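Chain by chain, the residues:
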Amino acid sequence: MVNILANPARFLRLAGAVLPWCWAVAAVSGGIGLWLALFVSPADYQQGDSVRIMYIHVPAAWMALGAYMLVAAFSAVALVWKHPLAHIVAASAVPLGAGFTAICLVTGMLWGKTSWGTWWVWDARLTSVLVLFFLYLGLIALRSAFDDSERGNRAAALLALVGFVNIPIIKFSVDWWATLHQPASVLRVGGPAIHPSMLWPLLAMAAAFMAYFAALLLLSVRAEIAGRKLQALLIAAGRDEQGTPAELRGQAR
Amino acid sequence: MTAAIGEFFRMGGYGIYVWPAFAFAALVLAGMGWRVTARLQASESALGRMQGRTGKGHS
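Chains as they are written, first to last, in the working numbering: chain A, -16 to 236; chain B, 1127 to 1185.
No lab work stands behind these hints: they were computed from the structure. From a predicted model like this one, the values you see are computed outputs, not experimental measurements. The C-beta atom is built at its ideal place from N, Cα and C for all residues, glycine as well. Every clue listed holds true.
Just some of the chain B residues that point at chain A, by a computed CB distance under 10 angstroms:
| hint | residue |
| --- | --- |
| 1 | 1139 |
| 2 | 1148 |
| 3 | 1150 |
| 4 | 1154 |
| 5 | 1161 |
| 6 | 1166 |
With the sequences and hints as input, model every part of the structure.
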């Protein structure tokens, strides 16, 4: 019991210090990013103003991949060292990653309709990102499918590690296969092949997305820690035969 | 002035794709924020009441 709560206490202190900075970065760089993306950056010479979808599509895609790498890393830590906080961090990041993947897919479909003339093609990049989205949903479902939360956590951590094979497939799908989706133009060997007038709004939006993700992750972990403390108290109260108020028992999950 | 604003929202004819993309992103981001803060409030207020009732487990 002490072991479980000792590290979360340190985490909560750290989270309290970091959280205001996350909100500040999210608000400031999000404001600057939107302003640059919608008003300052030029329309593309081929795609016109539809290129502005890029400023949310690409950062969302980076977050979709980044969140999954975080989930996989913390799942590995949780499985190897049985660190109680690691499962909580992994579980908290999954729905956020699913959200960013949904943004990536929907904005990509809208962008695809304008530049390719179709909402969807089953090319390697689009398909592998759709697989990533289903992986996220699978992780949510699998974790909640067990009555014993410890077994649910272990099963989800294993699936997260197995699913990691999809990440390099997504990243390099545009190089390995002939895809309709274009290859990387920012994170590539030889530096970004994109003009600064379009690179800056992209980086500002990416910073905003990352900071927002970090803020929600910290809050979500805090909620989970409070939930587990509550559960521990309810169990202790039950053992003391004090009786547990029904309305509290309902909120223990 | 109103013509300039209209032109801005038209996005050179791509407005029907650009704005739904931004709106969907805003909706999902706001939804994630709402879900997390609602869960945090529910669990922390329940924990507070429980700690007040049993008089132990203060952090």
